[in-house]
Amino acid sequence: MSVISIRDLNLSVTTGKTTKHILKDVSFDLEAGRITGVAGASGSGKTQTGLAVMGLSPAGAQLSGSIDFDGVELVNMPAKAHNRLRGVQLSMVFQDPASAFHPMLTVGDQITDHLRHHQKVSKREARERAVHILERTKVPHPTEAVGKYPHQFSGGQLQRIAFASAIICDPKVLIADEPTTALDVTVQAGILRLLRELCDDLELAVLLVTHDFGVLSSVADTIVVMKEGVVVEAGDREAVITAPQHEYTRSLIESLPGAEVSQ
Amino acid sequence: MTSTSEPGTLDRNPNHDSPPAQTHHLLELDDVSCEYKLGGGGRFRAVDGVSLHLGRSEVLGLVGESGCGKSTLAKLICGLEKPAGGAITFDAHPVKPLGLGRRPKHLLGIQMVFQNPYASLNPRRRIRDQLSDALALDPGGTWTVESLLEAVDLPLDSAQRYSHSFSGGQRQRIAIARALAAGPKALVGDEPIASLDAFLQARIARMMRDLAIDSGASMIFISHDLSVVRDIADRVAVMEAGRIVEVGSTEQIWNDPQHKYTQKLLAAIPRVDGKGIIPG
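Those sequence lines, one after another, are chains A and B. Under the numbering used here, think of the first position of the first sequence as 2, with each following residue one higher. Under the numbering used here, think of the first position of the second sequence as 46, with each following residue one higher.
Calculated from the structure, these hints are not laboratory results. It cannot be assumed that every hint is accurate.
Facing chain A, according to a computed beta carbon distance under 8 Å, are these residues of chain B, among others [to be verified]:
1. S111
2. D178
3. D242
4. S272
5. P315
6. G319
7. G325
Remember, it's a predicted structure, so these values are computed and weren't measured experimentally. A virtual CB, placed ideally from N, CA and C, is assigned to each residue, including glycine.
Working from the sequences, and respecting the hints, build out all of it.
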């Protein structure tokens, strides 16, 4: 049973007199406890697919098709209704942790803001939850961390805090948009391990957007390959990487530096 | 792929005392260090006693995690930062920090390609004008605006356009063309591919290597991505916390890393094997 089921999703954006077709008949599912990786070159529409689920499509966007979330239709859902889901049931982690946080508010305030808004918990209880959730995502010294500001953390730690913020309301769906692209390889491994753990323990349906086949090979269960707004290939991780069916997937994997693909 | 190695280029000891009159190296760094003042009155040593050399027609990869001092080292080489100690010699001339005056002619042979092509190109000038500026620095050169654009695989009508109408990968290619236009002997790339997607990264990196070597230049290629460096570099230097911990041929660093830190970096690269194994 899939948590999110995307069917024939089309997205076009009109700016001025020109209309650009960004997504063309995109269909795939997100399942609980599984990581679905979306790969593609920049401009292939992989991020826009994630944003469409979150209801964050750009101004002037026309969506058609269907995104079914546990029986609720997300396409063209009124903004107010979407607001009630976003941050609670649907959450997101962005690429650059340094710009995902407000520089002048403490980390504790920022990761409990949506918790207090949606679940009406008291300030004190929110703080306790924050400490607990930071411990869960392995941020060092969580009790002190809630009172600190974003600039006092390294990129890898901030990304852990971003994950804490994303899961604090017990969401069902997590969209991770290039969560490790801005990080060093040594830090990346830790974040990937965290993502895998959270996905398994909390039964999250994860949509992992990335251009890095190394990342997909490590954590994704299912891989969806996109090219110019079209899904060209979808399947199990091992099948897609070791025996790509589509010419484009093959060219992407072959273009990787020193790719060591075991045939 | 290793180009002609001169004697001494395979020196694995990073802290060797450079013998006198090693003039055959294009660029030499001897015990160079750099410090930044901290807010609280202390000092942070970003580069700490680095000795390195770059041969002619050679690509040297410089790898390390963020904050290890790679970019500071690049700035030192280009004279954009003042060293706290040590000496940098380029083609038998000392590299002096850039002041308010004109950059000395003999140092124009060092050209840099920066990390962020969105910030390094002038948004208000046409590509033709920006390339012409660089061409004027090397009057004897054979490049023209058209041949440069052709070399980096961009359509010829790009010359009339502004940088905002190009994608990130295209902008980085313009930045590379601009650096080449000045006829450099040493090209310094400070994470030139970090802002591009994985499929473009390898392509742009190979393009940089080919263009640099074909035009008779050497290149220092800075990256945190060992797998790209492996593809294009003849030698690799590994940097940790301001120090060079290991230098060696690309083969040796990749297959037989000596230093613990190099081994750690290599172990963290995820393999594209579809096995679902998280590295490290």
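Here is what the structure says about each hint:
Here the hint on S111(B) is kept, as its CB sits about 6 Å from the closest CB of chain A, short of 8 Å. A distance limit of 8 Å between C-beta atoms decides the matter here; for D178(B) the minimum to chain A is near 29 Å, and the interface restraint is violated. For D242(B), the interface hint holds, the least distance from its beta-carbon to any beta-carbon of chain A being 4 Å, beneath 8 Å. Restraint check, S272(B) versus chain A: the minimum CB separation of about 5 Å is within 8 Å; hint holds.
Checking P315(B) against chain A: minimum C-beta separation of about 3 Å stays under 8 Å; hint holds. With 8 Å as the threshold, the beta carbon of G319(B) comes within range of chain A, its nearest partner Cβ sitting at about 3 Å, so the hint holds. With 8 Å as the threshold, the beta carbon of G325(B) comes within range of chain A, its nearest partner Cβ sitting at about 4 Å, so the hint holds.
Going down the numbered hints, you'll see the structure goes against just number 2.
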